[in-house]
Amino acid sequence: MNTTAVLVFDILLVLSLLSLAAAALTTRDAHRSIILFMAFGLVLALAWGRLMAPDVALAEAAIGAGLSGALLLAAVREQPRQTLTAETKAVHGGNDAGLKVILQSVVILLCVGLAATLSWALAHAFDSAPNNALAQAVQENLATSGVSNPVTAVLLNFRAYDTLLELAVLLTAVLGIFALGPARPGYRSAGPVFDSLAHWLVPVLILTAGYLLWVGAHAPGGAFQAGAILAAAGVVLRLSGQRTVGLPQKRVLHIVIAAGVGMFLLVGLSLLVLGRPFLGYPPAWAGGLILLIETAAMLAIAATLLLAFLGGRPQSQRLHGTLQPVTPTLRSGQDAGTITESRNSSEEKRPC
Amino acid sequence: MIDIVSSLLIVSGLGFYLAGSIGLLRLPDLYSRLHALTKADNLGLGLLTAGLTLHAQDLFIAIKLALIWLAVLAASAASAHLIAQHARRRETRT
Amino acid sequence: MLTAQWLYGITGCLIVALGLRTALLHALLLQRVIGINIMGAGVFLMLIAVAYRGPGVAPDPVPQALVLTGIVVAVSATALALALARRLTAEQNND
Amino acid sequence: MTDMLIWLVAIPLTGAVATLLLPRQATALVYVTAVATTSVAGMLLYQVGTQGELTYEIGGWTAGLGIALRADGLSTMLLLMTALVVMATSVYAGTYFRQADERARFWPLWLLLWTSLNALLLSGDLFNLYVTLELLGLSAVALASLGGKTAALQAALRYLQAGLLGSMMFLAGVSLIYAGYGTLDLATLTGMVAPGPVAWVALALMTAGLLLKTALFPLHFWLPPAHASAPAPVSAVLSALVVKAAFYLVLRLWLDVFADLVTPASSNILGILGAGAILWGSWRALRAERLKLLAAYSTVAQLGYLFLFFPVLQALPPGPTRDAALGGLVILALTHGFAKAGLFLAIGIIQQRAGHDRIRELDGTAQRLPATTFAIALGGVALIGLPPSGAFLGKWQLIGGAFATGQWFWVLITVAGSLLAAAYMFRVLGHAFGNQAYPQRAVTVAREEWPALILTGIAVIGLGLAGAPVWQLLGSSA
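Quick note, the sequences are listed as chains A, B, C and D, same order. Number 147 in this note's numbering belongs to position 147 of the first sequence; there are no gaps in the numbering. Number 46 in this note's numbering belongs to position 46 of the second sequence; there are no gaps in the numbering. Number 22 in this note's numbering belongs to position 22 of the third sequence; there are no gaps in the numbering. Number 198 in this note's numbering belongs to position 198 of the fourth sequence; there are no gaps in the numbering.
In isolation and in its complexed conformation, chain A is listed as follows:
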């Protein structure tokens, strides 16, 4: 009985995925498409859970739906609420209707063709017996990899070079964002209810991040999920009106964002000097080295995602004199207006 039940569940899940994706992609209004995109991300996390990929489900929910959604919402907040007229303008701005219709039909044809060929090729790939060579190789070498969670073993030991370059991608993104100018002006405090929520939610999030980092060695979790949850704690702090979100200033901030790549290089090159291959951890120390690298990577990922949400380097408190308390205390007496004045002060006018 339960195989048909599972099949029904699969079909429902797949249909909801497709409809959410289609809705998010065809709606005219930017706000609505972001909310639909976040919903799509959460249902996709459900699909990862169903396909027995818990690590990916955690990352998808935290990064794919959560933080990407937060980044998009922060970006759309600044745009005037312009929804398009009836039909979407062609990308190359061809405003006469004829060209646009041709272009749209060509693109739709292209996409349908792509879907057909992809499915045809994938169906063929599934026909041939699944090639388990790599999965067995991972199982065999798992014992000497220093961790018992196979995904973490692949990410931080067998294919550690991929993760090193991926952290370099994150570093490039944040350096690009720094070069583009100062952070967004801060948020007004959202009132006492949200502040009290933030008051106890942020410590729990930080605790969860530490737990996920630790548990990554033998169960689903790891540096990326932990970093995303730490960034989520920062986002909550930021939404409750806290300006610098506890991020360090100038020099220390650079050390934190380069921590992931730096630690990887430190470990890799010191092993090279000791005569072992680059990133070839000796089995005895592998667990410890992986945890060391994961801690640095978590800090780098959290700082990068948070700075992306802020939009650049946070303006330090002392710059314009309002010495706000670091922890969000209950500001029952103070009305929300004080932050408004400080926000409209010279902050935006100051050249970057």
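The set of hints was computed from the structure by calculation and includes no laboratory data. Ideal placement from N, C-alpha and C gives every residue a C-beta, glycine not left out. Where hints are given, some of them may not hold.
[Stated by the list, open to error] Distance windows between CB atoms, simulated:
hint : chain 1 : residue 1 : chain 2 : residue 2 : range
1    : B       : S12       : A       : I206      : 46 to 52 Å
2    : D       : T150      : B       : H55       : 55 to 61 Å
3    : A       : L15       : D       : V415      : 54 to 60 Å
4    : A       : Y187      : D       : T2        : 49 to 55 Å
5    : A       : H218      : D       : M192      : 57 to 63 Å
6    : C       : N94       : A       : L15       : 45 to 51 Å
7    : A       : L109      : D       : R98       : 50 to 56 Å
8    : C       : A27       : A       : S148      : 45 to 51 Å
Use these hints to put chains B, C and D onto chain A, whose structure you have.
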């Protein structure tokens, strides 16, 4: 015996989810929809987690399930308040 | 050939095509960024469908690690795109 | 001593982190990194020349499970070219950016770009290639947007979107390959790949993604504005190296991994697209108003030549003529790299000195900036393919190969392209040599002008006269 009780709990939880969704679709204005969603879904989730804790192998998972419920409870209450506050501000301002 | 694997794999292909349509056609930048993200999600769905080995069997960890790396790369690309768009609108408002 | 392979990636990456953490000593750190990486690249070239292909398994895991770095004749030559071009451009960039905070923002991204180039040229794993392509794309966009003006930001945004689409298509191809063959390592794939739906569609997707990143003719819309509005040192590296890295991947896939999948029809498609690129790029370069736009369209055209080689190589049976043609392709790619980088640096000098780079108002440039105009002339010689330059050898092999296989159409396109190239280069030089009655004082700043002269000199004299080792290196490991 435990299976019957937990499946009973889960089915009743789903009943509340259904009520919440119907409330979302049918109720006229924002505030009543918010009301329906946060109340029904939280209760549904409570029953769901209660049903699941019966199946939990050890105490640690049961505590984690309870923590999930508490976190969702707080988050949905706070966000419902924020949405209502934002809507109220926009009404008074326009 | 497992029906679940086949079902999710083909959905992945369809989602890639859907994402491509919007990434090419839509005028709003935010929508195009969402389209590229959804296209990535479709490719990841194909990869995880490949990794799935059936209900009882442990899945293949390598594609899962690839998808984890892909998700982080996708979010950093989105962050840079949104920062560029923000600075562009700021520059256009000035001049 | 195969550790050199990983040092080529580790040194620039360490340099990037170091310049981020020590902004005051950044320029010195960059020069140290540049010298170190170039010397390692030189040693690697010598090593590969003597011992043939080198492989380095990162972390000590076998190639399938872990990731392997591979260096053969082709990739080491491109690596050395990348090192020399980036080193010379770094010297120029030191003087190009006046303020310290601009430099502090520039150097880390610059070394990250170099890291991604080296990582891409060395990588032997498909998914790792996706990550390096993404790192290359993001760092190039971040650098291109340093211009800060609306035009630069718009071009960088369009470049980023095109790059992301290309990477997604590439990733779709990689996932199909993993679904079908269960491995990501290029060496093991070369043996396993059999003509079938999985391999065809995967190759088509990966090639489409890479063509978008190489800006081949119909997909080149993002390149000219991005390269024209970026700062001069950035556009030099974008044109000379970044698009060539994507071309290197197409070459690696079509000639190595999926060699027995390639049909005459598919290579002809690439050839026709290449021909289109040559004609369209040269035509737009001829009509360009600004020097940088001219150089950008010239890049689109020159890449077209590289794609002309595909039908010729496909038709030639494996033998000495095919190796000669392959050598011609490599030397043409190397020459374009050096010449285009030198040309962009020279244009950068003119733009900074004269405040604009409009071709019509270049009068008196030869009198005021003699060395820079000479560099442009040298660059022109290499772009047109006149005898002393390496491009001449390359085009000679192309025409020889085309005649050997009876495909005269490509010969016609090559000659037409060279004539158009001559036209737009002489148009520039004609304006530059228009003498003014009262020429201003000649301005010479060694650190600015030497890099452009050295790069174009290598393209014209170095590769032209000392081109022989290119064929030996390819022969020993192709």
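Now the hints, each set against the structure:
1. B:S12 to A:I206: 46 to 52 Å: Roughly 36 Å apart at Cβ, these two residues miss the hinted range, so it is violated.
2. D:T150 to B:H55: 55 to 61 Å: Check passed, 60 Å falls within 55 to 61 Å.
3. A:L15 to D:V415: 54 to 60 Å: holds (59 Å)
4. A:Y187 to D:T2: 49 to 55 Å: Holds - the Cβ-Cβ distance for Y187 of chain A and T2 of chain D, about 53 Å, lies within 49 to 55 Å.
5. A:H218 to D:M192: 57 to 63 Å: Violated, at about 34 Å.
6. C:N94 to A:L15: 45 to 51 Å: holds (47 Å)
7. A:L109 to D:R98: 50 to 56 Å: For R98 of chain D against L109 of chain A, whose Cβ atoms are near 51 Å apart, the range 50 to 56 Å holds.
8. C:A27 to A:S148: 45 to 51 Å: 50 Å Cβ-Cβ, so the 45 to 51 Å window holds.
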